[in-house]
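My request is simple: use the sequences and hints to build the entire structure.
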Amino acid sequence: VNPSIRRADDLLFVGGCDSLESLARAVEGAQLLDVISFHTDIRDADRVLDAAAELFGELPTWTVLGTTGLPQRGARASLRAIATTGKSPLVFFSSSAEGELPSDPVEQARAAYSQAEEAVAAAGGTMADVIDICSFHLDPRGMVPCEQMHNGYWGNVPLEQAPAWTAIGAPALQRLGQLVQYRMIADLSAGARIAKTPASLHWKYCPISGGTRKQGGRLVGIAGEVASDAEGNITTPGDTASQARYALNRIREVVEMHGGDMSDVVEVTAFHKDHRAWEIVTEVAREYFGDDGPAWTSAGMTGLWNPGYLHEIYALAVV
Amino acid sequence: MSVLRCGDLVFVGGLECGVDDLFPQLDVALRGEGAALADLVELTTFHADVREIDDAFAAAREVLPEPYPAWTPVGMVGGEGTVARAIAHTGSGEKTTVIPDTIAWWRSRPWSAGCRRGDLVAVAGQFGTDTDGDVVMPGFHDGQARNALNRVKEICADLGAGLEDVVDLWSFHQDPRGIEACLDLAGREFFTGGLPTWTTAGAPALYRFGMLGQFRALAGPITTLSIECREMDEALEAIAGLPGTLAEVVSFHKDIRDAEQAAHRAAGAPWTAVCMTGFRAEQSRHAVHALAVQQ
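Respectively, the protein sequence lines represent chains A and B. So in this note's numbering, spot 15 of the first sequence is number 163, and the numbers just go up one at a time. So in this note's numbering, spot 286 of the second sequence is number 289, and the numbers just go up one at a time.
Read the hints as simulated data drawn from the structure, not as lab findings. Be aware that one or more of the hints could be misleading.
Quick partial rundown of chain B residues pointing at chain A, CB under 10 Å, derived from the structure [claimed, not checked]:
# : residue
1 : P141
2 : F143
3 : G181
4 : C278
Idealized CB from N, CA, C, for every residue including glycine.
Laid out in structure tokens, this is it:
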């Protein structure tokens, strides 16, 4: 399967890679910054990381996740990545579960945040540079207390400057006993965060944006869009195509508020409640992107924020 | 894989293979205990990718004799190919099977919705579908559960049993957060005198796109227990206290590495360990089912 590749200035976005070799070919001549690998069997992950270390030398920021299913039958892994041919102001962070792991997901989330603070500081930034947060939870119910933690942590930040957040249930994380995995993008470009949040998004009462970039930056992290109206009701229960259309319409709203359009969307990671949805959703996406779309990765996941969501579509745009 | 005979019943558990090897291996296992594929009353297959279920049906058509067992195919997390467990009945008497008109779409596949031999009644995992196989109440766990549990009731009745005879129930849910609503509905509308032993697990996917729940039931001279826990020791302790002859353990785990360990410590009765997406309680890491035969 050919990966989908999208370039924006000196950034390279790669989606849906089915092997390390095809990823290596896709990013040849560029520096790999960030990888998320989805595994149908998490026990494969260590071997994949060992092989990647051999192939790439030093590993980039790497997030290992389980998936409930991939588009291709028999596929055991899918990789998506960001690479650069220049000197990127972007800092990628992925938490690591170390030592004795507490059984409380919030304690694990706090530990991940502490690691993030250190990592971003080491790169010369602060948490005020974080534009985009993704979190993965071994049990979808674990997202709820982590949201309370999120709201507390970012409580002093006005919505106009809040980061984007995408929370997803995953069937497996890297370590046994691990309950949460965080991955963040910080942009060290000048200025404050600029967040845009359409009125159509029900989470506008929390410090979670629809999409966020830095004043001097061009990368917009767009929160995983879902089929819920401004009140949080499911718009079209059980309707795969309509829910995808609704989510893509919200992505369009966010990108347009940032002064761009759908052609600026460079990467999509589509999380599906049932992996078989990928075919319908990519067909719907053609209505928005034509044949020259963003780098695209589809993965089946255990649970999304609301049990009735069939997809959560996470996107990055360069405006 | 291991096999155990308890009287007329033969239990097979922990069979792991590709779909093409499923029935040849089951056949060998059953023959070792003097049973045959024709004696199968109940079969559960767990699939790393539910898109393989139709392949399993195709393989079954080649070798599985009619009347077909009550077959519950369900998705699991990780692993390779298929994991299976089965119960065969070698006693005298006809094997009776049923597929009611309400789910006529089942008839084009090599499975029965319900299967009985002697006192053992097995109802294959029922979904919320109409007679053509279209999913009812898209997006609603409880609406689909009502339809499915009505099918369980109907199939039990067709086989001369009632919901009050059900001693063991498994339900698989496409989202673990759908479990509670289904159990509420089951207690309110179907099992008003109290739920039978009931094991619930989140499944990554069910047979057809849009299916949210699958409900499988067993009635007969058996004793079952179901426990959700954080530590496997709790489950092992409970199993040790089960009266009768332990005939089978099926353990569901939230992490496949736990499933692997559980499979290794299996001893005595056939043990089937699979990874699922979650259980009734968020904190539970395991949901364990055990079945003993009354002697």
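Here is how each hint holds up against the structure:
no.: 1; hint: P141; verdict: holds (2 Å)
no.: 2; hint: F143; verdict: holds (7 Å)
no.: 3; hint: G181; verdict: holds (6 Å)
no.: 4; hint: C278; verdict: holds (7 Å)
Hint compliance for this structure: no hint is broken.
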